[in-house]
Amino acid sequence: MDPTAPADDRRRRRVLIALIAAGLVLAVLVGVGIYGLLRGPAPRTEPAPTGTQAPTITAPPTGTSPAGPAPVSQLGGPEAFARQVAQALFGWDTTSGYGPADYAQVIVDVAAGEEADALAGDVRAYLPGAEAWAQLRQHQTRQWLTIDTATIPEGWVTATSQAAPGQIPEGAVAYTIEGTRHRDGTWGTEPVEASRPVVFTVFIVCTPVVANRGITGTHCELLRLSQLDNPLR
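Just so you know, we're using the numbering used here here: the sequence shown kicks off at 1488 and counts up by one.
A few of these clues could be false.
[Said to hold, decoys possible] DEER-style ranges, computed between Cβ atoms: (1) E1641 <-> T1582: 25 to 35 Å; (2) E1657 <-> A1567: 16 to 26 Å; (3) D1604 <-> G1658: 13 to 23 Å.
No wet-lab data here; the hints were simulated from the structure.
Glycine included, each C-beta is placed from N, C-alpha and C at the ideal position.
The task is simple: from the sequences and hints, build the whole structure.
Okay, here's the thing in structure tokens:
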């Protein structure tokens, strides 16, 4: 820093350096995917609408009907629950007569009570907003996810070992989902399809449930979601 610079300039530079340093610390926390679970919701970022470049023309889907939001089962164990959440998060159809809020609601319905508000913000970040939805509906767009892997990341062990007592709920676990997001619809009069790889982390908490009518299993609730393509590794 130039000692001959005016005092006001030196003070502004010190403030700027401090802000940059604070930003780097925040970036590290967000980068490991656990920051949202421990500190609250991430800011909403809307997915860019399709159509920014010409999509690949494929054969139109056959034998399908508009799909509304399906409830997420909370039984079956943590991995099965994490996979169902992932499918619900990416599965929607603009021709179904439902909107983004309807598809978001089935996910929020399985939220852990204390995290419901923050989780709602996480979910909205994955879904198109109202304006984007209207544009996608003009192209009869639907979306779904194919999952390649659902694994407990190594970073989860580190995060749980370093967390303060009571900071992470007992029975909580994280699954990092890797797969491919697919979209299809129409471009003019032609059927089209586009896809891209995605990765994200689902934070859940599961507890044993009492046998009911011969059914036993594990009851799970959803805590938080990492930012898209910014998972816990």
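| message | Does the beta carbon distance between E1657 and A1567 stay inside 16 to 26 Å, or does it fall outside? | response | Holds - the Cβ-Cβ distance for E1657 and A1567, about 20 Å, lies within 16 to 26 Å.
| message | Within 25 to 35 Å: is that where the Cβ-Cβ distance between E1641 and T1582 falls? | response | Violated, since E1641 and T1582 (Cβ atoms, about 41 Å apart) do not stay within the stated range.
| said: Range first: 13 to 23 Å. Now tell me if the beta carbons of D1604 and G1658 are that far apart. | reply: Given a distance of about 21 Å, which is inside 13 to 23 Å, the answer is holds.
In the structure shown, a violation is registered for the earlier hint numbered 1 alone.
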